[in-house]
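Keeping the supplied structure of chain A fixed, place chain B upon it in accordance with the hints.
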Amino acid sequence: MTNLRALLATTALVACGTAAAARDITIDVWAGGSNDADSYRWEAIELAADILEREYAIQGEELNITIEAKRDFGGWDEFKQSVTLAAEAGTAPAIVVTSHLDIAPWSQAGYIVPVEDYLDLDSWPLNDIYPNLMEIAAYDGVQWGLPQDAESRPFFFWKDTMKGIGYSDAEIDALPAKVASGDYTLRNVLEDAKKAVELGLVEEGYGFYPRVSNGPDYAQFYQSFGGQLQDPETGKLVLDKAAMEEMYQFFVDAVAAGVTRKNHIGTEWSQWYNEVANGKAALWHGGTWHYARYTGKEGNEDFFGTIQFSLIPSGNDTGRANTITHPLVYLMTDQQDDMIEDVAAQLIKIASEPRMNSLHAIKSAHLGITRQQSNVELYSGNRWADEATTRLLGTANAQPNHLQYGAFSETMWKGLEAAWTGVQTPAEAVAAVEAELKAKLGDELIVR
Amino acid sequence: MRRVNWLGLAFLSPALVMVALFFLLPVVLTGFFAFTNMSTATGVTGGEYLLNSATLRSLADDGLPQDTLEKLASGGYRVDAEGLAALAAATTPATAAEMERLHGGAEFTDRRDMERALKDLRDNAIRKTRERKEAAELFKRSILNERFADEAQFAAALADTGIAPSHAAQVTAGAYTGWVWTTENVSLLFALPSTLRYAANTALYVTLTLAFSVGFGLFLAITTFYLPKGQATTFRAIWFLPRILPPVLYVMMWRWFTWDTGFLATFSGYFGASPKNWMLDTSYHAWTAVVLINGFVGSSMGMIIFSSAIRAIPSSMLLASEVDGASRWQQVRWIILPQLSWPILFITCYQTLSLLTSFEYILLATDGGPGRSTEVWSLAAYHTALNNYGGNLEYGLGAAFALVLVVMGILASLLYFRLFNFKRLITTPLIEG
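Taken in order, these protein sequences are the chains called A and B.
Just so you know, numbering that gives the first Met the number 0 puts 21 at position 22 of the first sequence, and the rest follows in order with no gaps.
Just so you know, numbering that gives the first Met the number 0 puts 421 at position 422 of the second sequence, and the rest follows in order with no gaps.
No false leads were slipped in.
Short, incomplete list of chain A residues facing chain B, as computed with Cβ under 7 Å:
| id | residue |
| --- | --- |
| 1 | Lys-79 |
| 2 | Glu-87 |
| 3 | Pro-104 |
| 4 | Ala-108 |
| 5 | Ser-408 |
Partner residues aside, some chain A positions facing chain B, computed with beta carbon under 10 Å:
| id | residue |
| --- | --- |
| 6 | Glu-202 |
| 7 | Asn-213 |
| 8 | Leu-402 |
| 9 | Gln-403 |
| 10 | Leu-415 |
| 11 | Ala-434 |
Keep in mind that the hints were calculated from the coordinates and are not lab data.
It should be emphasised that the depicted structure is a prediction, and the values quoted were computed from it without experimental measurement.
We put the beta carbon where it would ideally sit given N, CA and C, even for glycine.
Just chain A, same shape as in the assembly (with noise of 0.2 Å):
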């Protein structure tokens, strides 16, 4: 009680005008996964605390805040072994940016602390961020981070390769209709693919060219043969067998008509951007970011023009065009220093105003997080980030927050890299998965 008394007496200490001592906090944010695009991550934690420093001289208080970004790691696996290595030692940056995923791990090992102890969620912008990136946001009831950006991963068409086997402009203007209603399935896919390198079109191996290593991108297809990822009512993981055997035998039956390359996987991603933002391949999947890729650094310079994106397509009836979103979040890491902790909060909730958000989603061709990015000129006369919301961020799930889930998306993914290699049959690997499974998570995973 203590707190919440020198708290009072501080309050009243400011009320009555006398100035504080004035005080420097240091705060250091780090950011995985992040290239130049992407630099709203910490820029805009460096405008909040110019914001904040500016309410603080008004309620007479002088606050010196320094921040202090890091963006060059080698990639997610060393940001994640830094982070946590860093914890461990008791020097955590006091912001991370990173993957919802990290939640559950980070939270049980007492490395985050939840922003709902320093926020109220009631209040705005917080109030204004959509309900369903707020919850991925949280883990077993409690509000650890808040979402920093939101993003989608959409099926793609090259439209001139589809005019090519035989797509009219306004059949290829239905497609995401089409896609969404369950009319245009993955069995379509592989026909149209089929049909764009037997013509000619494209080469083989490039009718259909999907990610090239593991991510949530292919947990969409197994749910698009209707498999689901966790048990809405006991929270644990979900191993449809029969849906994860159809998803292999799509990316096998895939291999064997020549439409995909059997070693696929592993590809360079340098490469595989510019192959399809070029029209390289003719149909592929990815995520709402490569929209400042392929129009930037790939060249791509009409992307309406030359693609149409939509859903993931349903695999069956059973299954359902959809698509995940992988938002990263803010998080905050448990500091000496309370204080810390109470301004790094206060910064993140500035950083997820409408306008700031904004300035991140446009420049990176990500996603709004706020219902408010609508009446925010420079969000909504983006005509990539209005259609991409409207269409896809609607109906996007996410992958559950679950201390487990790491080991589930490995194993899954290692299935198909057997079947798709042709290492396994698509049975043989689902019943490797599923001896894999019910041995590393025990209770943790209903088989169905």
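Chain B alone, transformed into the frame defined by chain A:
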């Protein structure tokens, strides 16, 4: 004599410190981690006590009775006399009185609802968010989502929930967030179908690579021995490149050479062959690439050792054999090879041990693919302990993987010592005895 001993130790001490720090300590730590369930979620330095819905779920799976679970989950926030007294002490009696008037006796399951109730205060409004949050905590009656730094505090809080004392131990164990000792990792290694595969992969990898690097190293050493000195040096320098090139660069050149947009595919394309990935097309391709990539690195080291050993053979023996009319092959078979048995032993021992634990070239080239067919034991240890998209790294299980390698390494060393009669090598020569 005594002084000399100390001096020797003093000279050795930097090396001893290095050996202890970089060799013994990691082995000891691996052994230690292997028998824990350590992961990102448990942290390394210890744990606290925390009950949340995930813990309750696993306690339910472990058979904790429903009424106990309900007691643990219940409580929430209650505006009772105790809380109001605390609020009066923390703020003003008037605040507590107003709170009692507005919400006396109310119960909330959610923290947010409790905070909303506090916002209803008008005459004695608590305006600052932090203060309102601290005030809300005064009414908290549940121990869910509350971290307790030590067992005593948790036990006290647990007693307040009114659960049967006989269940306290189970709940306490379930609520502990840190790592605990366990032999589960070892049994998991035996239970997982994938580990047998990794073991077989490792045996294949070590045998093939070893055979290639010793064989090719010998071939290079012997052939360059018979070349004129200038040419020999040039060839040896070229074949030494794999060893001295940075692994990333070396493997990247292999990728340029073998990938479907690379040299081999382009070249074979001139003859009408459709381009394919020569490194990852099938598991045979991948194994060939893995063995060659590692084998060339190993053989360049073997070449240097064998070349020096050949040069140490008295030239009079070779000259004498030539006088006797021996062919090149006879020289190799009867003079050079017999005198190389110790270097061959050394290279074999050394490379077996280093191949068992090395995975960097495989990681860079195939990353265990296609479909985990080139995933060797040490790479699996790395993937388990340090590489996970979902973020929960399994240090304990990874260490158990590594511990097996330590045991295998020790067994292999002992076997080699026996097989090659190592004792004879280190006995003092009779002439000095």
